[in-house]
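We have chain P; now place chain V onto it with these hints.
From first to last, the protein sequence lines stand for chains P and V.
Our numbering applies: residue 255 is where the first sequence begins, and numbers increase by one.
Our numbering applies: residue 170 is where the second sequence begins, and numbers increase by one.
In case anyone wonders, no lab produced these hints; they're calculated from the structure.
Computed from a prediction, not measured in an experiment: that's the story for all the values here.
Mixed in with the good hints there might be a few duds.
A partial selection of chain P residues facing chain V, derived with a Cβ cut-off under 7 Å [as the list claims (entries may be wrong)]:
#1 318
#2 324
#3 355
#4 357
#5 369
#6 370
#7 401
#8 405
Heads up, the beta-carbon is just placed ideally off N, CA and C, and yes, glycines get one too.
Each chain, written out:
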Amino acid sequence: MQTHLGIASVVLAFSTGLSVQTATACPREMVAAAVERWTSVFAENNPDTITALYSKDAVLWGTLSPTLRSDPAALKAYFVGAFQALPKATVKFGEQLIRVYGDTAIDTGYYTFSYTKDGETKSIPARYSFTFVKDGNDCKIVDHHSSAVPSAPR
Amino acid sequence: MRALVTVVALLGLLSSAANAGPKEDALAVLEQWTKAFAASDVDGIVKLYAPDALFVGTASKAVVVKPEGIRSYFENALLNNRPRGAALNNYEAMVVSDAAVVITGLDTVTGVRDGQPFSANGRVTFVVAKRGSDWQIVHFHRSAMPI
Chain P
255 MQTHLGIASV VLAFSTGLSV QTATACPREM VAAAVERWTS VFAENNPDTI TALYSKDAVL
315 WGTLSPTLRS DPAALKAYFV GAFQALPKAT VKFGEQLIRV YGDTAIDTGY YTFSYTKDGE
375 TKSIPARYSF TFVKDGNDCK IVDHHSSAVP SAPR
Chain V
170 MRALVTVVAL LGLLSSAANA GPKEDALAVL EQWTKAFAAS DVDGIVKLYA PDALFVGTAS
230 KAVVVKPEGI RSYFENALLN NRPRGAALNN YEAMVVSDAA VVITGLDTVT GVRDGQPFSA
290 NGRVTFVVAK RGSDWQIVHF HRSAMPI
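Here chain V stands alone, though its shape is the one from the complex:
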């Protein structure tokens, strides 16, 4: 009987492990990203990127390859036209391996420019990967809607 209880407990553990899978871990990183964006928290958003992440921002003319570059991108993007917001409206989350998830979809960035609220839809792709024990953004590409 005790053995059976152990097996049932083991099954319980397995099912909760299945609930907190790669997809949930990756989406948790995006939730932190959205919070940091809304709080104009540059440190908070930069630390979600892997040190070797490749970054293509909406206005990037060149691929950003260094954390300092990602930091200055967000200093420009987050410290102006506040309060800011970025909402991922609809997306596909694809588990490509047990250590990598691609999340891609449409988002809406909002802010206030010269006292006037504005919003802009964009196309956004995140690749979130498990590096050591942490899930980090290894790739980011956001682009304006084509005209």
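Just chain P, same shape as in the assembly:
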């Protein structure tokens, strides 16, 4: 009987282990605050501080990137290149569409990057999607897809 109890508790431990990865929700206010934070950190043009806003297993389709970045070193490398290509980069968000689906939150819409090159201010209008999950007390980005607004319909 004792052995059976032992097996039963192993089974119990195994089945609870399966649901451990369930995260708590990221409410709309926290999503909006996280995007505000992303905006101000982006303007610092510091690859380390911007990368810290992403979860460790986050994936990124950068606006200028032909390859998917799927670990912190690759994400940071993208931002190193982006901040070099776009000096004094800032970003301004248009209308944000925020939806919370259970414990996953999505913020999608438009933003415009501005930068200064050879004394000239230039801009890149783009479309973005952020997927957030709760990581401790923070809402962290697990997926970010950014793409230039298409020039002509195809």
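This is chain V only, laid out in the frame that chain P set:
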């Protein structure tokens, strides 16, 4: 002895439940998406999206927020330049909770335009979530490769 058999059977059940987890359920939705795309089945592809899905198509100038908008997007995309195809070449599937999976990667869309076959690589992100008993696409963003 019978109790032991029951425990073994229970373990068997648990391991098969672990095999058919969120990732497999989400990938099954993508498999249906790919089939519907190749069959130019507009109804079949639209029904895979949640009624409140947010949608950014390759050529979208504005975020599509209504099922009718998703339908007209695919009417344009699937009913022209047939036969069509979309193959997800390499991707990351990330289980972000037991009810949400993010699948993001590179795909190749093919078709025939004016008798000439064409193909275009794209960057694609799907967020697939369990809504009630069904897994549905709640977010989609596809974009052309940057020049």
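Each hint, compared with the structure:
no.: 1; hint: 318; verdict: holds, 5 Å
no.: 2; hint: 324; verdict: holds, 5 Å
no.: 3; hint: 355; verdict: holds, 5 Å
no.: 4; hint: 357; verdict: holds, 5 Å
no.: 5; hint: 369; verdict: violated, 16 Å
no.: 6; hint: 370; verdict: violated, 21 Å
no.: 7; hint: 401; verdict: holds, 3 Å
no.: 8; hint: 405; verdict: violated, 10 Å
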